[in-house]
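These protein sequence lines are chains G and W, in that order.
Add 617 to the 1-based position in the first sequence for the numbering used here, that's all there is to it.
Add 1421 to the 1-based position in the second sequence for the numbering used here, that's all there is to it.
Simulated from the structure, these hints should not be mistaken for lab results.
Using N, Cα and C, we set each Cβ at its ideal position, and we do this for glycine too.
Among the clues, some could well be false.
If you anchor each label on the Cβ, the simulated ranges turn out as follows [unchecked claim]: (1) G:T641 - W:P1534: 49 to 55 angstroms; (2) G:G722 - W:Q1434: 35 to 41 angstroms; (3) W:N1472 - G:D706: 25 to 31 angstroms; (4) W:F1463 - G:K735: 39 to 45 angstroms; (5) W:R1492 - G:N690: 32 to 38 angstroms; (6) G:A782 - W:D1444: 51 to 57 angstroms; (7) G:G722 - W:R1492: 56 to 62 angstroms.
The calculated EDC-like cross-link candidates involving lysine to aspartate or glutamate, where the alpha carbons are at most 20 angstroms apart (straight line), are [as the list claims (entries may be wrong)]: (8) W:K1507 - G:D691; (9) G:K619 - W:E1490; (10) W:K1453 - W:E1490.
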Amino acid sequence: MKPCDNPFRSCRVDAVEFVSFDHTVEQLYENFCRMDYKAAIVGQHGRGKSTLLRQIAQRLNSDSVPARLIFINDTVPFTSSMQKSFIRDIHPDSVVLVDGIDQLGWFRRHRLLRCLSKKCRGILVVSHGRSKLPTLTECTSSPELLTQLVKTLLSHQSLPMIDNAMIKDIFQRHNGNIRNCLSELYDYYADK
Amino acid sequence: MNPQIHIEFDNDQRAYQPGGVVDGTVRWQLDKTPERLELFLFWHTSGKGTNDVSVIDSRVYENVLVSDEERFSFTLPQGPYSFSGKLITLQWSLELTVIPKGITVRKIITLSPSGSEITLKETYFPKQKKSFGFKRTR
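Here chain G stands alone, though its shape is the one from the complex (with noise of 0.2 angstroms):
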């Protein structure tokens, strides 16, 4: 199958919308609010955490609340002039969204909620452990979940859909980290 065709390729998972069994969007958004804007998303690697801010993101927008979203991973650095300057223009109207913050040292991590909570009308952060803000959700998954996602990827796919066993033994070899196992999906697909 060519990388084109295959229901597992990047730009459809990453358009896959964020599925709990807890909670929906719009009630973990209207938690949010109520939160007045400061909370954490919380889960290990795989589990939805980035999915759900970026759909809160679009959710803040949707209500002309401004959001700003900081995105830090191993070739996205996020130094401290970069940190300065977004601190210094931020709106005071604004909610700002981190994602990858536990890439950041503790003081640096420490020093930017100082500063954003300070500063601007809200914080929403991604990370994998526990942090001073109040959690909003911690993200989880499990072979249901990993099921109905590829359910959603396969449909309109004129693909045969794979049996409940392999997921189990997919999901149980990536540790319940939902992007791996779709990467291992794709490579799959990919030899069809």
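Place chain W on chain G using the hints.
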């Protein structure tokens, strides 16, 4: 009436050599006079990992009628070629968008010296046998 937009290529040609010229016509039949129409020539990748996109050329059609047509001509660069491997596919496309409606039509073309998409195959590299003993040096 449903709005209709089309990209048509001269002689229905879809495969081009590097440096070749893409000639054609864009046609539209809308329910309201648009602000403008934009036509983009670009390549993009899809598959596993980050998607890349690069716009090579564009045309903007302003002060247009509700139903009309315009000719276009783009000279293609020398590369990259259209190809498909296990991890990514690189495709060349022309995309026409109606502003502000956001209606879009996209047509895929092929850019390669052979005129067809290049297929990358996995290559098997056998392990080289290690020579036993010492190499004689002068």
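So if I understand the rule, the pair passes when the alpha-carbon distance is 20 angstroms or less; does K1453 (chain W) with E1490 (chain W) pass? Holds, at roughly 15 angstroms.
For the pair R1492 (chain W) and N690 (chain G), does the Cβ-Cβ distance stay inside 32 to 38 angstroms? Between R1492 (chain W) and N690 (chain G), where Cβ atoms are some 46 angstroms apart, the hint is violated.
Pairwise beta carbon distance, F1463 (chain W) to K735 (chain G), judged against the given window 39 to 45 angstroms: holds, 43 angstroms
Do the Cβ positions of G722 (chain G) and Q1434 (chain W) conform to the proposed distance bound of 35 to 41 angstroms? violated, 57 angstroms
Between G722 (chain G) and R1492 (chain W), is the Cβ distance one that fits in 56 to 62 angstroms? With a Cβ separation near 59 angstroms, G722 (chain G) and R1492 (chain W) satisfy 56 to 62 angstroms, so the hint holds.
For the hint 51 to 57 angstroms, verify it against the beta carbon of A782 (chain G) and that of D1444 (chain W). Distance hint for A782 (chain G), D1444 (chain W) holds at roughly 55 angstroms.
Per the hint of 25 to 31 angstroms, is the separation of the Cβ atoms of N1472 (chain W) and D706 (chain G) within bounds? holds, 29 angstroms
Within 20 angstroms, alpha carbon to alpha carbon, are K619 (chain G) and E1490 (chain W)? Violated - the C-alpha atoms of E1490 (chain W) and K619 (chain G) are around 34 angstroms apart, more than 20 angstroms.
Does D691 (chain G) lie within 20 angstroms of K1507 (chain W) when you go C-alpha to C-alpha? Violated: K1507 (chain W) and D691 (chain G) sit about 25 angstroms apart, past 20 angstroms.
Within 49 to 55 angstroms: is that where the Cβ-Cβ distance between T641 (chain G) and P1534 (chain W) falls? holds, 52 angstroms
When each numbered hint is compared with the structure, violations occur for hints 2, 5, 8, 9.
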